[in-house]
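Fit chain G to the given chain D structure using the hints.
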Amino acid sequence: MADPNKVDPIHQFAITNVFSTGEGGFAFTNSALFMVLTVGLIVIYMLGSTARRSVVPGRAQVVSELLYDFVANMVRGAAGSEGMKFFPFVFSLFMFVLIANMFGMVPFFFTVTSHIIVTFALAMLVFVVVVGYGIYRNGFKFFKLFVPAGVPVYVLPIVVPIEIVSFISRPISHSVRLFANVLAGHITVKVFAGFIMSLGSLGFLGFLGASLPLLMTIAITALEFLVAALQAYVFAVLTAMYINDAIHPSH
Amino acid sequence: MESETPVATEGHEPIDASAEGGAVHATTEAHGGEEHSGAFPPFDPSTFGTQIIWLVLAFVVLYFTMSRLALPRIGGILADRKARIDGDLAAADSARQKTDAAIAAYEDALATARKKSQAIAEETRAGIQADIDSKRKAVETELSAKVAAAETSIQATKKEALGHVAEIAADTVQALVTQLTGSATADEARKAVAAAAKE
Chain D
1 MADPNKVDPI HQFAITNVFS TGEGGFAFTN SALFMVLTVG LIVIYMLGST
51 ARRSVVPGRA QVVSELLYDF VANMVRGAAG SEGMKFFPFV FSLFMFVLIA
101 NMFGMVPFFF TVTSHIIVTF ALAMLVFVVV VGYGIYRNGF KFFKLFVPAG
151 VPVYVLPIVV PIEIVSFISR PISHSVRLFA NVLAGHITVK VFAGFIMSLG
201 SLGFLGFLGA SLPLLMTIAI TALEFLVAAL QAYVFAVLTA MYINDAIHPS
251 H
Chain G
252 MESETPVATE GHEPIDASAE GGAVHATTEA HGGEEHSGAF PPFDPSTFGT
302 QIIWLVLAFV VLYFTMSRLA LPRIGGILAD RKARIDGDLA AADSARQKTD
352 AAIAAYEDAL ATARKKSQAI AEETRAGIQA DIDSKRKAVE TELSAKVAAA
402 ETSIQATKKE ALGHVAEIAA DTVQALVTQL TGSATADEAR KAVAAAAKE
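From first to last, the protein sequence lines are chains D and G. Heads up: the first sequence at position 13 corresponds to 13 in our numbering, and the numbers run straight through without jumps. Quick note, our numbering runs 251 ahead of the 1-based positions in the second sequence.
So here's chain D without its partners, still in its complex pose:
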């Protein structure tokens, strides 16, 4: 229970039940609520804005088309036209992370991507898709991914383990990058906002001094919006690049 006079920057990450059917049963948490809201917003927006199928698009449709083109170009650029098979997958990931991050920027809203299990699950999904499709498409040749072309044979005993380790650690780096950015950013905003409260309660001079963390909070909030969009982009680009590895395993 948060003490009203004490700012707890961790409180925002707590998972609480919105409702539950009881022990061992069905539970609907704030995390689930925001996942549903995220998906709901994306689905409603993407379907609603394109419902009229206008040849000359309105504003809402233009945004949808820009998002489509943006992700389509990203996937085509990273994984080639064959990678377009995975375009809906990358698009869904990008939109999910982007909207979840943006929901997180609204005060009192829960940030889905601030939980390692969510980003890790998404990263594992990408990993499984990459490995699964890579083996399905290339068979044994997929493992050429670990043997860079043009490397002298006597270096291979060193290079191959490094490649394998770096490949296996991909879901970790992929998920931790997003999770840590979001988590750290949100904590920083809360900590600086907490300084405003603590300083402001110290009387007139403290009140003046509180303007510094206030400015800082504003700046960091702006930065957080950038990070929220950027990390969604990074997550999607890395996904596209990993998919490229599955399609073309030889370096």
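Hints in this document: simulated from the structure, not taken from any laboratory. Where hints are given, some of them may not hold.
Beyond 12 Å from chain D on every Cβ pair, some chain G residues (computed) [what the hints assert, rightly or not]:
1. 302
2. 319
3. 321
4. 379
5. 412
Covered stretches of chain D, as calculated for chain G (at least 3 residues, CB under 8 Å) [stated by the list, open to error]:
6. 11–19
7. 39–45
8. 51–65
9. 81–91
Which chain D residues face chain G? A few, computed with CB under 10 Å, are given here [stated by the list, open to error]:
10. 95
11. 121
12. 199
A virtual CB, placed ideally from N, CA and C, is assigned to each residue, including glycine.
Just chain G, lined up with the frame of chain D:
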């Protein structure tokens, strides 16, 4: 990563009674009623299960709506637009080609007509010229014939007149001599005139 897993005896005892009906806490994913279990919430494994379940549900719904409905629709819109723009451009291009052809045909026709009109003018002029020439020639021949006839008649008249000159002169001489001398025959007068004419 999961080094901060909560201690087993985390503070779940003050159970969220309204939601859980006072059931004793068990390790289930559905639990999360307590705000602070002592662990850092993002690393609290008791919340992992429910989050994964809801994430899977949400993402599956998202993926199928995007891949089956939204993205094909947007792709269709974009393809439609591209096809329409291409079609319009092609139509504009063909219209332009038609215009060019029409202009070329017009200029061709104009040139032909001009050539034709020149030919007609030339022909007319030549015809008129020939007509004039032939008429002039006819008039000239006629005139020259007339002149020749006139000349011959003048010549004849002159000859005739000259033929009469001696007679007239003889008459005149006879009359004059008769007046002067009182007698002269016509024969004598004629001889005198002929002698004078010889000189």
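Status of each hint after checking the structure:
| no. | hint | in the structure |
| --- | --- | --- |
| 1 | 302 | violated, 5 Å |
| 2 | 319 | violated, 8 Å |
| 3 | 321 | violated, 4 Å |
| 4 | 379 | holds, 68 Å |
| 5 | 412 | holds, 115 Å |
| 6 | 11–19 | holds (count 7) |
| 7 | 39–45 | holds (count 3) |
| 8 | 51–65 | holds (count 7) |
| 9 | 81–91 | holds (count 4) |
| 10 | 95 | holds, 7 Å |
| 11 | 121 | holds, 5 Å |
| 12 | 199 | violated, 26 Å |
Going down the numbered hints, you'll see the structure goes against 1, 2, 3 and 12, while the others check out.
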